[in-house]
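2 protein chains.
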Amino acid sequence: MKDSIIILSGGMDSTTLLYDYQERIALAISFDYGSNHNAKEIPFAKYHCEQLGIKHLVIPLKFMGEYFRSSLLSGDEAIPEGHYASENMKSTVVPFRNGIMLAVATGMAESNDLQYVMMANHGGDHTIYPDCRPEFVDAFDKTAQAGTFNGVRLLSPYCNMTKGQIAARGKELGIDYSKTWSCYRGGDKHCGKCGTCVERKEALADAGIDDPTEYED
Amino acid sequence: MKDSIIILSGGMDSTTLLYDYQERIALAISFDYGSNHNAKEIPFAKYHCEQLGIKHLVIPLKFMGEYFRSSLLSGDEAIPEGHYASENMKSTVVPFRNGIMLAVATGMAESNDLQYVMMANHGGDHTIYPDCRPEFVDAFDKTAQAGTFNGVRLLSPYCNMTKGQIAARGKELGIDYSKTWSCYRGGDKHCGKCGTCVERKEALADAGIDDPTEYED
Numbered sequence: 001m002k003d004s005i006i007i008l009s010g011g012m013d014s015t016t017l018l019y020d021y022q023e024r025i026a027l028a029i030s031f032d033y034g035s036n037h038n039a040k041e042i043p044f045a046k047y048h049c050e051q052l053g054i055k056h057l058v059i060p061l062k063f064m065g066e067y068f069r070s071s072l073l074s075g076d077e078a079i080p081e082g083h084y085a086s087e088n089m090k091s092t093v094v095p096f097r098n099g100i101m102l103a104v105a106t107g108m109a110e111s112n113d114l115q116y117v118m119m120a121n122h123g124g125d126h127t128i129y130p131d132c133r134p135e136f137v138d139a140f141d142k143t144a145q146a147g148t149f150n151g152v153r154l155l156s157p158y159c160n161m162t163k164g165q166i167a168a169r170g171k172e173l174g175i176d177y178s179k180t181w182s183c184y185r186g187g188d189k190h191c192g193k194c195g196t197c198v199e200r201k202e203a204l205a206d207a208g209i210d211d212p213t214e215y216e217d
Numbered sequence: 001m002k003d004s005i006i007i008l009s010g011g012m013d014s015t016t017l018l019y020d021y022q023e024r025i026a027l028a029i030s031f032d033y034g035s036n037h038n039a040k041e042i043p044f045a046k047y048h049c050e051q052l053g054i055k056h057l058v059i060p061l062k063f064m065g066e067y068f069r070s071s072l073l074s075g076d077e078a079i080p081e082g083h084y085a086s087e088n089m090k091s092t093v094v095p096f097r098n099g100i101m102l103a104v105a106t107g108m109a110e111s112n113d114l115q116y117v118m119m120a121n122h123g124g125d126h127t128i129y130p131d132c133r134p135e136f137v138d139a140f141d142k143t144a145q146a147g148t149f150n151g152v153r154l155l156s157p158y159c160n161m162t163k164g165q166i167a168a169r170g171k172e173l174g175i176d177y178s179k180t181w182s183c184y185r186g187g188d189k190h191c192g193k194c195g196t197c198v199e200r201k202e203a204l205a206d207a208g209i210d211d212p213t214e215y216e217d
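For the record, the sequence lines run as chains A and B.
Per UniProt numbering, residue 1 is the first one in the first sequence, and the count goes up by one each step.
Per UniProt numbering, residue 1 is the first one in the second sequence, and the count goes up by one each step.
Isolated chain A (complex conformation) (with noise of 0.2 angstroms):
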């Protein structure tokens, strides 16, 4: 039965995420806030429901990168190299977009009498980002539920889960990781050395996948 809405990145999570649960997902979104990664990430989103026959939208959301602060949002030059789980990857967080993009979604499924929102928050995210935890999960469910007649709530599958559990999950489905983006930095290539391409590397090494990714270094 479709009766979801995901929001899909185009990174390894979500896309893992999209084929993981294709039989109730009539929409899927994607939103570009303005980042150099957005530009690398939302073909692959696409490219994906286009794959599945899944219903896909880009919703723009500029003005985040007008006025947020966030290192995400200041070029490339402005992303830190390290360790995803590092104390220097807080610049990196855009404030409350999981927050933002899960209400959009919210709205988005009420307009379209779907019932559930689904998300790709996983184990490894909450460290640094306040919005992926399972605290902020909860509080959001509550939530959509408290504001839609239909009493919309928050599906996070990934919740407890390592970034290399869901890889090893994309395996079983197999899903081609190379046609998925994660760098920060957005360029021509995966950089190798930001904090995101570090985690990436490492999930697929931790599911036992030959990493299918083309690095600068």
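Wrong hints could be hidden among the right ones.
For identical chains, the list gives no copy identity; a pair is met inside one copy or between any two copies.
As the list claims (entries may be wrong) - Straight-line Cα separation of at most 20 angstroms, SDA-like style, residue types lysine to any residue; simulated pairs:
{"id": "1", "residue 1": "K62", "residue 2": "D32"}
{"id": "2", "residue 1": "K142", "residue 2": "I128"}
{"id": "3", "residue 1": "K2", "residue 2": "N36"}
{"id": "4", "residue 1": "K62", "residue 2": "N112"}
{"id": "5", "residue 1": "K142", "residue 2": "C159"}
{"id": "6", "residue 1": "K189", "residue 2": "G75"}
{"id": "7", "residue 1": "K201", "residue 2": "F63"}
{"id": "8", "residue 1": "K142", "residue 2": "R153"}
It should be emphasised that the hints constitute simulated quantities derived from the structure, not laboratory data.
For chain A, the structure is supplied; the task is to place chain B on it using the hints.
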């Protein structure tokens, strides 16, 4: 101390809140989601911010006019006449509109080191608008706290007041309500017949204010 951001439509309630809490408000934001009445109310929002020396920004959310289901986004002919609290006004609900505006305001608050988001929802909204009710306000407050580093909070000082009580507060503050907009139809003058016009007339009468509004009828 300037610690707050306000969601300011340019209607009676949020304009009153702006004057009432002007000492604490560092930034006011209005949202243009593509309704007829946005174009009428936003210039009033801007006017009052100029009067008070408060910074004002307009955030475009035009995709809501394109993808969301609501008579408010379908032109003036679609707006029903009658009482604000009646069942047929349900068609004017924009799904999860307050959730979306609050989420953007929360990210803006964190980006600007502000601790509070203010919204002027009131008791008369509760009947038909789920995203104006106390349960929604409480749940969003927890969501904003959980989803931000600085624990942004939601303030909703008029949540249990009637619109008439808000107008009475505005009378004390000396607010000129001729410089506010209510009518959902967004024509040259207030139509005087839609739910928001009926509610406006009642509130001004309840507060003992000579109605300064020019109506079509």
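Hint check:
Taking the shortest Cα distances, K62 and D32 sit within 20 angstroms of each other both inside one copy (7 angstroms) and across copies (14 angstroms). Proximity of K142 to I128 under the C-alpha cut-off of 20 angstroms is restricted to the inter-copy arrangement: shortest distance 19 angstroms between copies versus 23 angstroms within a copy. In this assembly of identical chains, K2 and N36 lie within 20 angstroms of each other by CA distance neither inside one copy nor across copies; the values are 33 angstroms within and 33 angstroms between. When the C-alpha separation of K62 and N112 is checked against a cutoff of 20 angstroms, the pair qualifies only between copies, where the shortest distance is 18 angstroms, while the shortest distance within a copy is 24 angstroms.
Taking CA atoms no more than 20 angstroms apart as the test, K142 paired with C159 passes in both settings, with 16 angstroms inside one copy and 19 angstroms between copies. For a Cα distance limit of 20 angstroms, the shortest separation of K189 from G75 inside one copy, 15 angstroms, qualifies, whereas the shortest one across copies, 46 angstroms, does not. In this assembly of identical chains, K201 and F63 lie within 20 angstroms of each other by CA distance neither inside one copy nor across copies; the values are 32 angstroms within and 36 angstroms between. When the C-alpha separation of K142 and R153 is checked against a cutoff of 20 angstroms, the pair qualifies both within a copy, at 8 angstroms, and between copies, at 16 angstroms.
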